[in-house]
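Q: Protein chains in written order, with this note's numbering: chain A, -1 to 455; chain B, -1 to 455.
Please keep in mind that the hints were generated in silico from the structure rather than gathered at the bench. A portion of the hints provided could be inaccurate.
Identical copies carry no separate label here, and so any pair may be met within one copy or between two of them.
With a Cα cut of at most 30 Å, we get these calculated DSSO-like pairs of lysine-lysine [to be verified]:
{"no.": "1", "residue 1": "K25", "residue 2": "K389"}
{"no.": "2", "residue 1": "K25", "residue 2": "K238"}
{"no.": "3", "residue 1": "K310", "residue 2": "K29"}
{"no.": "4", "residue 1": "K101", "residue 2": "K47"}
{"no.": "5", "residue 1": "K119", "residue 2": "K389"}
{"no.": "6", "residue 1": "K270", "residue 2": "K232"}
{"no.": "7", "residue 1": "K142", "residue 2": "K331"}
{"no.": "8", "residue 1": "K402", "residue 2": "K234"}
{"no.": "9", "residue 1": "K136", "residue 2": "K60"}
{"no.": "10", "residue 1": "K403", "residue 2": "K212"}
{"no.": "11", "residue 1": "K376", "residue 2": "K389"}
{"no.": "12", "residue 1": "K376", "residue 2": "K119"}
{"no.": "13", "residue 1": "K119", "residue 2": "K19"}
{"no.": "14", "residue 1": "K19", "residue 2": "K136"}
{"no.": "15", "residue 1": "K66", "residue 2": "K119"}
{"no.": "16", "residue 1": "K238", "residue 2": "K310"}
{"no.": "17", "residue 1": "K142", "residue 2": "K371"}
{"no.": "18", "residue 1": "K19", "residue 2": "K60"}
{"no.": "19", "residue 1": "K234", "residue 2": "K29"}
Protein chains: 2
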Amino acid sequence: MKKNVFGFLLLLASLSHAQNKDEQMLKDMYKFSLTQSQCYSWLDDLSNKVGQRMSGSAGAEKGIAYAKAKLETLGLDRVYLQEVMVPKWVRGEKEMAYILDNKTKINVPICALGGSVATAKNGLTAEVIEVHGIDELKALGAAKVKGKIVFYNRPFEPENVDAFKSYGNCVDQRYYGAKEAAALGASGTIVRSMNFRLDDFPHTGAQSYGDLPKEQWIPTAAISTNGAELLSQKLKSNPKLQFFMKMSCQQYEDVLSYNVIGEITGSVHPEKIMVVGGHLDSWDLADGSQDDGAGVVQSMEVLELFKKLNYKPRNTIRAVLFMNEEFGGKGGKKYEELSKLNNENHIFALESDAGGFSPRGFSFECDELNFTKVLSWKNLFEPYLIHNFVKDHTGSDIAHLTSKKIVKAGLLPDSQRYFDYHHAANDKFDAVNKRELELGAATMASLVYLFDQYGID
Amino acid sequence: MKKNVFGFLLLLASLSHAQNKDEQMLKDMYKFSLTQSQCYSWLDDLSNKVGQRMSGSAGAEKGIAYAKAKLETLGLDRVYLQEVMVPKWVRGEKEMAYILDNKTKINVPICALGGSVATAKNGLTAEVIEVHGIDELKALGAAKVKGKIVFYNRPFEPENVDAFKSYGNCVDQRYYGAKEAAALGASGTIVRSMNFRLDDFPHTGAQSYGDLPKEQWIPTAAISTNGAELLSQKLKSNPKLQFFMKMSCQQYEDVLSYNVIGEITGSVHPEKIMVVGGHLDSWDLADGSQDDGAGVVQSMEVLELFKKLNYKPRNTIRAVLFMNEEFGGKGGKKYEELSKLNNENHIFALESDAGGFSPRGFSFECDELNFTKVLSWKNLFEPYLIHNFVKDHTGSDIAHLTSKKIVKAGLLPDSQRYFDYHHAANDKFDAVNKRELELGAATMASLVYLFDQYGID
């Protein structure tokens, strides 16, 4: 009995020692991140020196070179590029659009959606039919749609606390809108920008013509929320008004690009790989400081934190800066393809692609056993106001990593302001707060550390 | 036994019914706030139509009239003003300052601190002595300080997760800096702005000469963080450089002003009062949209939510928009004075004076029994990502309410960006996000509702 008590006390002492060690490690990481980390100055460079990093563009190549060079300063075990062919789509001249209400022209801000075809050189002029979703469009039928510009105007649902839920419930209009309208003979589409706010920024984003024959593809653009409100109002008094839009975008052949990878080799299990990542490409309208410059520099910061705090991970930790998340997801797919080819064993992946706002928690894709383990770490995060641990979608670049045993996680920053900037010309450096970015990096490093110490076998 | 089981089941059923009822009420309040509330448009008015509301100014009077008029549209049981005499201090002409390094003049942004005396008409020119706190100043002694401008340059501690902790550990330089320097014969003081960021905004704020005789009062100003960095750097190469500052601020006699109050009479306990409040006055450099326009419109929104959702509170709910929080706290003191005079019974008070950012939780000042009760409501707040319930300081306007039984609470929004705007010229309407403001209002209303239903007896 005495022995048992002694054993129990030893176990308690050892658990308490581990808890203290972990508390201290998290404390050190948050402190370093808030006082000495480079992530904010990296983001400054990436946003203000490199600029937009649209996949297939010269900007993306500059971004690749920059990130590789910075990773090489961190004293990692390996920094390398991974070849990937990516689509190259170019917006061309700035788009132009106006409402033609009798003889009055009212300019409205639009931008082509990714992959859209151009209008004719002298633009497209047509009557407008407003709908609030694809179902409503289909119910109208071809007779009422033919030749017209379909105007998708279902707004974000304001009542969701999670802004991504509103996005998820709205984005089908943008992604499939042109395909569905074209199938009914429309001449073009415009979609209300994916944004809560009433403002003057059109928000671009991916769309797909699906398997529609190329000759049926129609020009498709986003209109600012203020523009959408105005158009809807004008249509009420004059359903016969016309809309003019001119776009000169063009699709080129795929071009060679790269994922950028930096890694620290595991001291105990070099063959077990933990990924932390974000995407290096942005849209072309701005620097993409929130989407996803933030995730890129936070992922790099995880490696800096481990090196500077002299933490030698048990497993291999790899920062992967994915290319082409925005418009094809080719980098993520290529990463998984090569990982399979090389028989790599991924045990963990964490993505940051929801902005550099105050971190609130993580989403997880994993089995119940691992989720229970994760929940046991919650108290370690509470001093940093990280409370939200949920099972949910984690990230589109790590979506392709599908081994049975892997635990996947997504950083969940505060979501309220994300869509104010998402895919728009105001997604610039000044949209990111230094401390919020740094807190996010430390939060990511903390989870990676805990998984490295106590994660799945 | 059977009876006991039945009784137990009844109790369970009734608890579950209450829980469902509360869940639904919170859901309704958050939904209304995010979809139909007026608080954001009130803030627009208060910021962009009324403008700055420095206590004792015409702007403050406009703010009082505006708030009263809006409260009167809500169908409350009572809307009234409460007289209070407040200090009137006027900044005068825009301040001017430069570093005189040999013959080179380098302009730097400063602003007078509240209550500062003016410089001589042709300004003040003197050598500068840099210190990092009052202790360091005192250790220098009068001989090294006499005639000089004391430059307090201790920065915010970046490592604190709670930005208010950094403020609390730094603000003594601003509040007592002039008094302490004057006592040692300094000719003036400048203090590094209370802000994490390096930027060009000087941040004003209250200061006090304490019981120092009036003839010893010296001009005191804040310098922007960039200005402070520059001055410190220049001092390293030229400790004999001079600093020029010119300020024409002036103190007038106290003037009559008002707290604005709106209330719904309690249906069961009209004599028990629950206060929800923010302060209507701002500094003079901007609209004070975060500090504390947000708290004002959120407090008004609590009443709107109850009225629009047809909730008839058991206790009297009173929104109090306090005057003169920033520079004297006369409104809060007067409120308590009159409440004592009228033998009012305050059971609860909630203040919002930490910005209109995403709400994270509440601080509480109460006994353990009540805190335990509060913690039992946490699960109701989790769907809205409200997790942070702590015992801490709640608010300076309700600080004077000190009855033994009262429970006091402060809304805790995310604190990271608050000091980017606090008391500076950029504290304007566009610093506030609509959804974050609305979530804060619903969070306040939820706590008031729960206290009204289940609060202390």
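Q: Sort out which numbered hints this structure fails and list those numbers smallest first.
A: Violated hints: 2, 4, 5, 6, 7, 8, 9, 10, 12, 13, 14, 15, 16, 17, 18; rest satisfied.
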